[in-house]
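Protein chains in written order, with my numbering: chain D, 144 to 256; chain B, 2 to 686.
It should be emphasised that the hints constitute simulated quantities derived from the structure, not laboratory data.
Heads up, some of the hints might be wrong.
Covered by chain B, per the in silico footprint, the following chain D stretches (three or more residues, Cβ under 8 Å) [as the list claims (entries may be wrong)]:
id, segment
1, 163-177
2, 181-187
3, 191-205
4, 243-255
This one's a predicted model, so the numbers in the text were calculated from it and none came from an experiment.
Every residue, glycine too, gets a C-beta built ideally from N, C-alpha and C.
Each chain, letter by letter, is given below.
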Amino acid sequence: MEITQQTINETTCVISLDGTLNARSADQVKEVFREVTGKGVRQVVLDLGNVPFIDSSGLAAMVSGLKTLNEKEGSLKLASLQSQADLLFRLTMFDKVFEIYPDIDSATQAFAS
Amino acid sequence: MTLQAILQNKPIILDQLADYWRQVTGGQLLAVDEKGKWVAGDQPFAHLDNDALSENWRDWLAQENANQPPITYEGQPVQIAPIRIQRIPIGYLVAVGEAPPDLLRWSAGTLEELLTAEHSLQGMTDELISAWDQLELVFRVTQTLASTSDLISVLRSVLVEVKQVLKASEGFLVIEQNDHLTHISVGGDDGLSPQRRQLFYHLQRAKGLVMYNDSESLHEFWSDAPGKIANLLGMRLPTSTTSQAVVGLINKKEHSFTAGDGKLLTAVAEQIAAIINNTILHQQILAQERMQRELEIAAEIQVSLLPHGLPEVPGVEFAVASLPATEVGGDFYDFIPLGEDHLGMVVADVAGKGVPAAMLTSLARTILRVEAGYGHSPQRVIRQTNQALLQDLQRAEMFVTALVAYLDQNDLTLTYANAGHTPGLWWQADVGRFEQLAATTPPLGIEIPDLGGDRTVHLSPGDAILFYTDGVTETLSPDNQIFGGDRLEEALAAHAGGSADDLVQSVLSAVRVFRRNAPCSDDITMIAMRVRPSATLQAPQPKPAVDFAFPADLQVLESISEQVTEACRSLPSLPPPPANNDFVYLVELAVSEICTNIIQHAYLMTNGEIRGSLILLSNGIQIDLYDDGEGFDPDAVPTPSPEPDILNEGGYGLHIVRQIMDSVQYQADTPKGNHWRLIKYIPSE
Numbered sequence: 144m145e146i147t148q149q150t151i152n153e154t155t156c157v158i159s160l161d162g163t164l165n166a167r168s169a170d171q172v173k174e175v176f177r178e179v180t181g182k183g184v185r186q187v188v189l190d191l192g193n194v195p196f197i198d199s200s201g202l203a204a205m206v207s208g209l210k211t212l213n214e215k216e217g218s219l220k221l222a223s224l225q226s227q228a229d230l231l232f233r234l235t236m237f238d239k240v241f242e243i244y245p246d247i248d249s250a251t252q253a254f255a256s
Numbered sequence: 002m003t004l005q006a007i008l009q010n011k012p013i014i015l016d017q018l019a020d021y022w023r024q025v026t027g028g029q030l031l032a033v034d035e036k037g038k039w040v041a042g043d044q045p046f047a048h049l050d051n052d053a054l055s056e057n058w059r060d061w062l063a064q065e066n067a068n069q070p071p072i073t074y075e076g077q078p079v080q081i082a083p084i085r086i087q088r089i090p091i092g093y094l095v096a097v098g099e100a101p102p103d104l105l106r107w108s109a110g111t112l113e114e115l116l117t118a119e120h121s122l123q124g125m126t127d128e129l130i131s132a133w134d135q136l137e138l139v140f141r142v143t144q145t146l147a148s149t150s151d152l153i154s155v156l157r158s159v160l161v162e163v164k165q166v167l168k169a170s171e172g173f174l175v176i177e178q179n180d181h182l183t184h185i186s187v188g189g190d191d192g193l194s195p196q197r198r199q200l201f202y203h204l205q206r207a208k209g210l211v212m213y214n215d216s217e218s219l220h221e222f223w224s225d226a227p228g229k230i231a232n233l234l235g236m237r238l239p240t241s242t243t244s245q246a247v248v249g250l251i252n253k254k255e256h257s258f259t260a261g262d263g264k265l266l267t268a269v270a271e272q273i274a275a276i277i278n279n280t281i282l283h284q285q286i287l288a289q290e291r292m293q294r295e296l297e298i299a300a301e302i303q304v305s306l307l308p309h310g311l312p313e314v315p316g317v318e319f320a321v322a323s324l325p326a327t328e329v330g331g332d333f334y335d336f337i338p339l340g341e342d343h344l345g346m347v348v349a350d351v352a353g354k355g356v357p358a359a360m361l362t363s364l365a366r367t368i369l370r371v372e373a374g375y376g377h378s379p380q381r382v383i384r385q386t387n388q389a390l391l392q393d394l395q396r397a398e399m400f401v402t403a404l405v406a407y408l409d410q411n412d413l414t415l416t417y418a419n420a421g422h423t424p425g426l427w428w429q430a431d432v433g434r435f436e437q438l439a440a441t442t443p444p445l446g447i448e449i450p451d452l453g454g455d456r457t458v459h460l461s462p463g464d465a466i467l468f469y470t471d472g473v474t475e476t477l478s479p480d481n482q483i484f485g486g487d488r489l490e491e492a493l494a495a496h497a498g499g500s501a502d503d504l505v506q507s508v509l510s511a512v513r514v515f516r517r518n519a520p521c522s523d524d525i526t527m528i529a530m531r532v533r534p535s536a537t538l539q540a541p542q543p544k545p546a547v548d549f550a551f552p553a554d555l556q557v558l559e560s561i562s563e564q565v566t567e568a569c570r571s572l573p574s575l576p577p578p579p580a581n582n583d584f585v586y587l588v589e590l591a592v593s594e595i596c597t598n599i600i601q602h603a604y605l606m607t608n609g610e611i612r613g614s615l616i617l618l619s620n621g622i623q624i625d626l627y628d629d630g631e632g633f634d635p636d637a638v639p640t641p642s643p644e645p646d647i648l649n650e651g652g653y654g655l656h657i658v659r660q661i662m663d664s665v666q667y668q669a670d671t672p673k674g675n676h677w678r679l680i681k682y683i684p685s686e
């Protein structure tokens, strides 16, 4: 899985994932959350626009990221879910747990306001 | 009733009598109350005020009672006669002047009659006034009946109304049914005191309405009547023979009970009796109907729960028999299809008869079915079912014997566990003898020690299996002999070459002959299975399938997914994209979850292999996955908390798989390794 970071400001960044989010890539994602919070980032938009498939290990990685941020009183917003991810979130009711936005812009704007 | 009340209202009664008295005797006539106080009539001692008359009164009465007439006052003779109504003295008639004593007694008698008539007249006027109240009472009673279903509260409301209308301080109702006294009281003590019991039996014995307004006559009727009861109106209710009841009122406020009160009580008593009779009758009918209906429902449920038809297995034929001894039996059998290659069979006997047994039968059958559906081994199914039912069974002091067997249709191996059930009989055609498939664990309802262990037997062409309940072997002959296992084997052996149906029929007819006229004491249930002599054990029909084998490594998850997606998309019955996306996503997700599970938990991230096949069904897809890692207990995986606040970082996988697939079965340590079987059907439109 390819992961890219885009800094918006000192405390806000967009993390974009590219590839399948499963047991294989889960640790990578958990790690990047720890890395950015370590650098002082508190507001993260997780861009899932290029993630065609997420399974429960992927969900667990996002839960881990949410918890990492919550511990620092930060917050996480998800953006650009593909249809499989959307189905998974509805199925597991995680759409009630995460803040989900249609695209990166609306997610970052939500942080700005 | 007081003398004043009547005479002040109608002084003319005494005035006319005094006129008559004057004409006949030339003397004077007056009425005084019990204390000698003037009430009506002449005033011969005008100079004597009431107090002074009262002072003389005691002496006069004493003289009168001592029979020492003549009493004289101021030179005039005085005669006294008591005035009584309903035996209660309410005053005296006093004559002043010479007169025959008989005439005074006659006058007093006449006055009593006039007073009584006037009193009744006043009573009737009162009745007329209260007629409206009574009409309203009847209306309210009817309303109460419509709105309340509970007998006691209906009767209490009626009693409240009666007590109010008749101005009594207490109303009571005692019902005796099945030697049990129910006491309802308004305005009095709620408890059923020994005195109330006495009153009940006294009123019970009295034939009709009982009305006592003085303590003397009350004590004649009821010698132990408590002092606080001044007057009593009561009666036995005209109830049916199955119950006795009395109703009554105590202590009419400031008055005596009247004939009118009695009439009203009689009328209400009839209504109350009708209420009691109807309720009791209704309850009896309801209870009977409910019982009957319960039995019918239980029997219907049980019959509907038995499988319709027989399973179809190439080379194997089946026959069943199910004869309940009573309307609702405790026996049942079941066939449970387990995927493409296996058939589950259950024969069970719930100890006990009737509705409780039927309910446990339904419950046991369902749980066995569900547990078998999880793909657990027979022994495991029995253990899980026992865990689920143990408390209920122990509370009901019942137990269930069950034989659970799986037939592998490919190689005709029969894997079974027997929980205290009669041994299955296995006819081995090649050696021509029976082997018993005996109990492997105690019956359900007893804490089963974890003995593990299914038993497996390999059936050959010509072999037969009979599962049966003890109703067969414990059939009694008219001289109380038991049919027994030997006779059963005899009957079977005689038809060992016949069809499955022959086997069942031969047992049934042997039992019938043995029993002759004796009644069926227990249910009889049988499953017979026979492997056709010509049956060739062959591999299952080839199906469109994709076989694969991958190293157990997280790297391969995506490759497996690709194959799954491809296989799914090739399903002819799958609607075109994007309508099918969800189906494909879900199957892909399930496979990803199970493979992750195998890699992480079965192989613990060490080297290994995941083998599998994707089988296209006509209306869905079946995925078999095998691994050689550690087996595990799928039931031990906790369900993740549904609370969004408590976020688990994992543990969702298996939960999701069970949610999205139509069938999830797991069996550890099969010959091909630990086996997962996932099936998902294409949802119908």
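* **Within 8 Å of chain B (C-beta), three or more residues of the segment 243-255 of chain D** => violated (count 0)
* With a Cβ-Cβ cutoff of 8 Å, does the segment 191-205 of chain D contain at least three residues near chain B? -> Answer holds; 6 residues pass the 8 Å Cβ test.
* Asked: Counting residues of the segment 163-177 of chain D that have a beta-carbon nearer than 8 Å to any beta-carbon of chain B, does the count reach 3?
  -> holds (count 4)
* To do: Given that the segment 181-187 of chain D was listed as covered by chain B, double-check it with a C-beta distance under 8 Å for 3 or more residues.
  => violated (count 0)
Violated hints, in rising order: 2 and 4; the structure is consistent with all others.
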